[in-house]
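Chemist: Sequence:
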Amino acid sequence: MMKGARRIGAAVIALTAGAGLAIQFSTTLEQTGSVGATLWILVRFFTVLTNMAVLLVFGKIACGVRVTPRLIGGVTLAILLVGVIYGLLLRGLLSLSGEALLADTLLHKATPILAALWWIGCAPRGLSWHDPWLWAAFPAAYLPYALVRGALEETYAYPFIDVAKLGLGQVLLNAVLIAIGFLMAGHLLIWIDRRFR
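With the UniProt record's numbering as the guide, the letters of the sequence shown map in order to residues 1 to 197.
Hints are computed from structural coordinates only; laboratory data are not their basis. Please note: incorrect hints may appear among the correct ones.
[To be verified] Result set (DSBU-like, lysine-lysine): computed pairs, CA atoms no more than 30 Å apart in a straight line:
id : residue 1 : residue 2
1  : 3         : 60
2  : 165       : 3
3  : 165       : 109
4  : 60        : 109
Generate the whole structure from the sequences, applying the supplied hints.
Modeler: Written as structure tokens, this is what we have:
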């Protein structure tokens with residue numbers, strides 16, 4: 001019974017992320033008119049990359065494939081980062097409507113909330129205290145990628161990493177503050193994991 005509920009919940013999360021990605025792809029394609037250009041634009045964003053990871057990991061769980069607690073925890077923490085950063089730094093910066101607003105809601109709000117609830121109620125336990133440092137490799141690798149792309153294309157994915165406007169020092173400070181928050185949240189996940197094991 002519990003196993004079935006766990007897989008159904010994972011399927012809902014995977015479908016939510018997948019729907020958000022599909023709608024975002026459709027709206028961007030309308031602007032670019034090119035599949036290749038659309039894909040290139042979308043993979044600029046941490047939100048899109050993380051929702052892709054959610055789709056893959058929770059899709060596997062929904063299909064009955066065993067996924068390690070470490071991988072589930074890392075993906076959950078990454079999508080929570082998406083939701084928190086959106087709520088604190090990005091919400092309201094763009095005026096969206098229609099499909100664009102729906103995609104925004106699914107990718108930035110629904111998927112993070114559903115993934116967090118599923119992790120609390122359904123995730124297999126067994127995390128260790130060094131896991132947050134391993135999980136940090138994903139956003140840490142994204143930062144130089146985003147900065148290089150931003151410098152080459154003169155368009156940064158997010159305003160808080162816009163070197164042209166803020167300067168490198170401020171961007172690095174922003175990155176350090178986000179990293180500290182990420183690691184603190186990761187250790188909170190470990191505490192919850194061990195508390196309710």
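Chemist: Does each hint hold? Answer for all of them.
Modeler: For each hint, the structure was consulted:
no., hint, result
1, 3 - 60, "holds, 14 Å"
2, 165 - 3, "violated, 50 Å"
3, 165 - 109, "holds, 28 Å"
4, 60 - 109, "holds, 22 Å"
Violated hint: 2 only; the structure is consistent with all others.
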